[in-house]
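Protein chains: 2
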Amino acid sequence: MRRASRRAPAMAMAACAVALIPLAVGGADDDASPIFDVRLPAGYRDWQLISVAHEAGSLNDLRAVLGNDVAVKAYRDGTRPFPDGTIIGRLAWKYVPSEENNAIFGQAQSFVPGAATNIQFSVKDSRKYAETGGWGYGQFEDGKPNRSKALMETCFPCHARANKADDFVFTRYTP
Amino acid sequence: MRRASRRAPAMAMAACAVALIPLAVGGADDDASPIFDVRLPAGYRDWQLISVAHEAGSLNDLRAVLGNDVAVKAYRDGTRPFPDGTIIGRLAWKYVPSEENNAIFGQAQSFVPGAATNIQFSVKDSRKYAETGGWGYGQFEDGKPNRSKALMETCFPCHARANKADDFVFTRYTP
Numbered sequence: 001m002r003r004a005s006r007r008a009p010a011m012a013m014a015a016c017a018v019a020l021i022p023l024a025v026g027g028a029d030d031d032a033s034p035i036f037d038v039r040l041p042a043g044y045r046d047w048q049l050i051s052v053a054h055e056a057g058s059l060n061d062l063r064a065v066l067g068n069d070v071a072v073k074a075y076r077d078g079t080r081p082f083p084d085g086t087i088i089g090r091l092a093w094k095y096v097p098s099e100e101n102n103a104i105f106g107q108a109q110s111f112v113p114g115a116a117t118n119i120q121f122s123v124k125d126s127r128k129y130a131e132t133g134g135w136g137y138g139q140f141e142d143g144k145p146n147r148s149k150a151l152m153e154t155c156f157p158c159h160a161r162a163n164k165a166d167d168f169v170f171t172r173y174t175p
Numbered sequence: 001m002r003r004a005s006r007r008a009p010a011m012a013m014a015a016c017a018v019a020l021i022p023l024a025v026g027g028a029d030d031d032a033s034p035i036f037d038v039r040l041p042a043g044y045r046d047w048q049l050i051s052v053a054h055e056a057g058s059l060n061d062l063r064a065v066l067g068n069d070v071a072v073k074a075y076r077d078g079t080r081p082f083p084d085g086t087i088i089g090r091l092a093w094k095y096v097p098s099e100e101n102n103a104i105f106g107q108a109q110s111f112v113p114g115a116a117t118n119i120q121f122s123v124k125d126s127r128k129y130a131e132t133g134g135w136g137y138g139q140f141e142d143g144k145p146n147r148s149k150a151l152m153e154t155c156f157p158c159h160a161r162a163n164k165a166d167d168f169v170f171t172r173y174t175p
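As you go down the protein sequences, you meet chains A and B in turn. One point on numbering: in full-length UniProt numbering, the residue at position 155 of the first sequence is 155, and numbering is uninterrupted. One point on numbering: in full-length UniProt numbering, the residue at position 78 of the second sequence is 78, and numbering is uninterrupted.
One or more of the hints may lead you astray.
Said to hold, decoys possible - Derived list of chain B stretches under chain A, where covered just means 3 residues or more per stretch with a C-beta under 8 Å from a C-beta of chain A:
no. : segment
1   : 42-51
2   : 55-68
3   : 92-102
4   : 120-127
5   : 161-173
Rather than coming from a laboratory, the hints here were simulated on the basis of the structure. The C-beta atom is built at its ideal place from N, Cα and C for all residues, glycine as well.
Isolated chain A, as found in the complex:
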């Protein structure tokens, strides 16, 4: 891991940290989320399933939550807080009716994933992300990080409202 990526990710420090990175290195950071420096984890689509959900309202999506090996083991063992190295990935797709299935089933009942909306990752590193509960965040669209610092600043304040006993994670494991 690059030494620069070990910097403290506290939101208050973000502007300073960015200012310290030479422009030539800054180019590489286009592949990482602002503030938290989270990159798209290799092979995440092969990870095991933690759970699924439907968010209605303006999100209007179907979602799957996957975890790397550390995350899935911690979920299954009930280990909290999650150990360093945990990565939880939330994939989401537009919530669309399946006209094809509905025609076969004879009623409007089937909803399936449409186009991908975005993928979010929560990365546990209790030292690097000490000021945000040990969690770093990233959102990716079409394989690229969303580079909005304002968006990233919304991650932890919302997760902080989840139970501390759940280590600021919303999703429960579904056997």
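Dock chain B against the given chain A, drawing on the hints supplied.
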């Protein structure tokens, strides 16, 4: 694999096949689906994700479709018909609102998995299941096969209404 399990699974032959199995062997069959002799695959919960869905109406569930390595490779490569050895698993849970999430998000938008309903498997064996499009079926509740022959007799007639070009499978892979 037991020799008895290689019998042709045609629905019309099921009564004869069962009649030919001695009672002592019949006891072991309590672990398999009727007609198709499908058993709960070891380690299926570790399989990779194919897709997710919501079925409304009387099913009223959230579901995840997982696949063994053969299934996932075939989905990703677009291989049709699916090769022998393919197993597709459909897990489903009651569709329930998350009061906890809704309180945090400030609106009723979040639906999560409740209690498991059942798990269904589609097993590809073009020789064993020649008379049902190459597919054998099983439904499991609390880890045990549903032993209703009448239920199993509904599987292929419904799947047969899916496109033959999709090899009688409803679920598409969601990247």
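Checked hints:
Three residues within the 8 Å Cβ limit are the bar, and the segment 42-51 of chain B against chain A gives 6, so the coverage statement holds. Look at the segment 55-68 of chain B against chain A: 8 of its residues bring a Cβ nearer than 8 Å to a Cβ of that chain, three or more, so the hint holds. Counting residues of the segment 92-102 of chain B whose C-beta sits closer than 8 Å to any C-beta of chain A gives 4, which meets the bar of three, so the coverage hint holds. Under a criterion of three residues with beta carbons nearer than 8 Å to beta carbons of chain A, the stated coverage of the segment 120-127 of chain B fails, only 0 such residues being counted.
Given as covered by chain A, the segment 161-173 of chain B passes the check, having 4 residues with a CB less than 8 Å from a CB of that chain where 3 are the minimum.
Comparing the model with each numbered hint stated earlier shows that hint 4 is the single one that does not hold.
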